[in-house]
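Student: My request is simple: use the sequences and hints to build the entire structure.
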Amino acid sequence: MISLQGVRKVFPGSNQPAVGDLSLEIPTGEIVTLIGPSGCGKSTTLRMINRLIEPTSGSITIDGLDVTTRPAHELRLGIGYVIQQVGLFPHRTIAQNIATVPALLGWERARIAARVEALFELVGLDHDLADRYPAELSGGQQQRAGVARALAADPPVLLMDEPFGAVDPIVRARLQDELLSLQRELRKTIVFVTHDIDEAIRLGDRMAILNVGGVLEQYGPPSAVLADPANAFVTSFLGGERGLKRLSLVPVSAARLDPGPTLGPDSTVEDARATMAARGLDWVAIVADGRLQGWIDEADLAQQTRLGDAAIRPFALKLRPTDSLREALDTLVSSPTHIAPVVDEDDTYLGILDVTSIGEGLDQRAPR
Amino acid sequence: MTTPIAQLDSGPLIRWSWITDHGDLILSNLVQHLVLTFVTVAIGFVLSMLLAVVALRFRFTFAPINAVTGIMYAVPSIALFVLLTPLTGLTTLTAEIALISYTLQILTRSIVAGIDGVPPAVRESATGMGYTDRQRLWHVELPLALPVILSGVRIATVTTVGLLPVAGLLGSDQGGLGELIFDGLTRFFNTPLLVGAVLVVAVAVACDLLLVGVQQVLTPWARRRGTSA
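As you go down the protein sequences, you meet chains Y and B in turn. My numbering applies: residue 1 is where the first sequence begins, and numbers increase by one. My numbering applies: residue 1001 is where the second sequence begins, and numbers increase by one.
Hints listed in this document are in silico derivations from the structure and should not be mistaken for laboratory results. A couple of the hints might just be wrong.
[Claimed, not checked] A short, non-exhaustive set of chain Y residues, derived as facing chain B with CB atoms under 7 angstroms:
1) S23
2) G87
3) H91
4) V101
5) L104
The structure presented is a predicted model; accordingly, all values stated were derived computationally and were not measured. For every residue, glycine included, the Cβ atom is placed at its ideal position computed from N, Cα and C.
Tutor: Right under this line is the structure:
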């Protein structure tokens, strides 16, 4: 856990504090995003954790140990650091760049080589790039190399200062996905500075919203902040479509699914007519051995006695339990019936989602 | 014969026999020229490195260091030789002090400019990853400053090669190829004068090309840029 206690920073020649009396607990293994308008001291706060900036007063501890008890350069060897401009060393190859901290720590050659190899794999960098120089890489590749370099000696803490701010939106989205999947594996304690509210919501287990002068306006999980903004500043900072932003955080699996009008392939046409009549629908879903086969339209119920012999149509739209409710809503709006079946990866039928259950899914989750 | 040189010497422009007869003398003057140039630039570089480190660490010292080395650079060489002679005599030391003092301005400024040119993000990430100031200087800043520093070394070297003959004025055996030039001038004898002058130019060009080569070898990263976008 990283703990900031009454941290204050006043830069020389300024009478306004850049950060004023900030207290924040960053739990181990979580991503905490720091966000706020320019001048809110989010970068200053980040840089005080690895002592690139020394606080005027207050204390910062990592796992109970005050950061000032060790020489700054030793402290930093144990903290990964990624910045927006990446800052790869132009005179060193990508492999040499990634090996920086292990080399500073005096690891053996073979161990460094093996670690560098593993990191290329981990961050999804092509091995062919190992002997290239940074200037020969694209922005996205450079940023991956920057993350690999920060992770090289497997530090428990990672500080990231707008790391994806300089890449285009498509690459940024991919890098965000990759960071989240890395994090599921690595469980680092990550402090992530951003000015992009969607990024803060998407990546953060918690988000800290800072106001000018380093004033902490609200701190909590993005879903809770979105559901219940602490004040007008937070509300305006979160921007429009707060409901949709909340939906993007909740998976379909959190919503209550309707079992739906389902029958097996061996049911009769009479069973189908009865089910449709009971629900006031003109269709039924066919499920065999727990797997979704498709649906049958009332008009297709001819003289067959067994449903399995009728024309079963596939569902055009299907949802996965891991999809966000925001994606689900988008699907439902596009669907002519405004419902969609939810299935697992192996087509195991889980139920039917409709617009009403999306709203209920939100109510169940918030406030956390 | 209308060239000024020819007016001093009634004989032919070049006496090839003199060159073949004095091969040892020419060679020893050439070697001395190279050695003195190397010693001058090497000592000048070490001193400039110290001055640059001081100037970078304590910024307020940069202006005075620059001013003093600038004045040294501005003093005419012959005047400096004359001023130093009472102190150090007609020795190689006198020549060296004068020559080295000329390199300081160029080298100090190029080292400081080279290190100042290191991108702030590179410096920040180096510090952020746990480099000490000294490690950062030797492993990050100096290598990155190398192209600028080496272009300073090229200027200093070529300047020294060209200036060294003036040291020949101080008397015997410290002017390198300048010995040949002054020998020719004092004796109204074209051949050594021309041999000396041509070799000085050749040495200057050769040193410059050599240093360009060194620069290419030491900074492979500076050439391979932007081959993938």
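Student: Can the hint on S23/Y be confirmed by a CB-to-CB distance to chain B that is less than 7 angstroms?
Tutor: 24 angstroms, violated
Student: Once the shortest beta carbon distance from L104/Y to chain B is found, is it less than 7 angstroms?
Tutor: Check passed: Cβ of L104/Y comes within 6 angstroms of chain B, closer than 7 angstroms.
Student: Against chain B, with CB atoms and a cut of 7 angstroms, does the hint on H91/Y hold up?
Tutor: Since the shortest Cβ distance to chain B is 5 angstroms, the answer is holds.
Student: Should the interface hint for G87/Y be scored as holding, given a Cβ-Cβ cut-off of 7 angstroms against chain B?
Tutor: Holds, about 3 angstroms.
Student: Holds or violated: V101/Y as interface residue toward chain B, Cβ cutoff 7 angstroms?
Tutor: 6 angstroms, holds
This entry does not satisfy hint 1, going by the numbered hints stated previously; all others are met.
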